[in-house]
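Enquirer: What follows is each chain in one-letter form.
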Amino acid sequence: GESVGLHLPTLSVQEGDNSIINCAYSNSASDYFIWYKQESGKGPQFIIDIRSNMDKRQGQRVTVLLNKTVKHLSLQIAATQPGDSAVYFCAELTGSARQLTFGSGTQLTVLP
Amino acid sequence: DAGITQSPRHKVTETGTPVTLRCHQTENHRYMYWYRQDPGHGLRLIHYSYGVKDTDKGEVSDGYSVSRSKTEDFLLTLESATSSQTSVYFCATSAGAHEQYFGPGTRLTVT
Chain A
1 GESVGLHLPT
11 LSVQEGDNSI
21 INCAYSNSAS
31 DYFIWYKQES
41 GKGPQFIIDI
51 RSNMDKRQGQ
61 RVTVLLNKTV
71 KHLSLQIAAT
81 QPGDSAVYFC
91 AELTGSARQL
101 TFGSGTQLTV
111 LP
Chain B
1001 DAGITQSPRH
1011 KVTETGTPVT
1021 LRCHQTENHR
1031 YMYWYRQDPG
1041 HGLRLIHYSY
1051 GVKDTDKGEV
1061 SDGYSVSRSK
1071 TEDFLLTLES
1081 ATSSQTSVYF
1091 CATSAGAHEQ
1101 YFGPGTRLTV
1111 T
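Quick mapping for you: the protein sequence lines, in order, are chains A and B. Counting from 1, one number per residue, gives the positions in the first sequence under the numbering used here. Counting from 1001, one number per residue, gives the positions in the second sequence under the numbering used here.
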């Protein structure tokens, strides 16, 4: 079936460095791609999204890039901070009821 | 914070017993969703609702049923719990745009 997946399950970065989390997707019919952050013991929290007709979108310290040619999505976090340590999920939005299909997640650990 | 609460937050039950999880929202969002989260998997959609009394199946709906009699409440029922349904369950709501807001989760253990 169609799916959204992640290249790496874990990522460790030094505090202050930039982080890049990658995601591959297979469903070309999705009209939005979304990144969620999940801290331990909590529900996922919306970070940023990108519409399928865009290549790049920037937020506060985060940038999402979409490469439709190779069906690849990435989340860049600038100047990574300890509070950024969490699991990050990419998800694609489809269907009339706006259902989300999630990838398996990447654990980001920020080292002091 | 979209004002989503889930109850109970933790539950241990025995195989074969019925279990109902409740999701309550205060935002008057039209759409509500139930997901489960297991190690090695992202969140997987169980059922969703696009209005009062309007529900549909998601990716992993076998063994689950839902009901929505009021806008603010979405119930997930395991008619006869099995060990494979041990998981963390998340409710989410949406006003119909692309952002979903998630509740704090319910940790269910079936022994």
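In short, the hints are calculated from the structure, not lab data. Think of the CB as a built atom: it goes at the ideal place given N, C-alpha and C, for glycine as much as any other residue. It cannot be assumed that every hint is accurate.
As the list claims (entries may be wrong) - If you want a taste of the chain B side facing chain A, the calculated C-beta under 8 angstroms gives, among others:
| hint | residue |
| --- | --- |
| 1 | GLY1016 |
| 2 | PRO1018 |
| 3 | LEU1045 |
| 4 | TYR1050 |
| 5 | VAL1060 |
| 6 | TYR1064 |
| 7 | PHE1090 |
| 8 | PHE1102 |
Enquirer: Does each hint fit the structure? Answer for all of them.
Expert: Results for each hint:
no. : hint    : in the structure
1   : GLY1016 : violated, 29 angstroms
2   : PRO1018 : violated, 25 angstroms
3   : LEU1045 : holds, 6 angstroms
4   : TYR1050 : holds, 5 angstroms
5   : VAL1060 : violated, 12 angstroms
6   : TYR1064 : violated, 15 angstroms
7   : PHE1090 : holds, 5 angstroms
8   : PHE1102 : holds, 3 angstroms
Hints 1, 2, 5, 6 from the earlier list are contradicted by this structure; the remaining hints agree with it.
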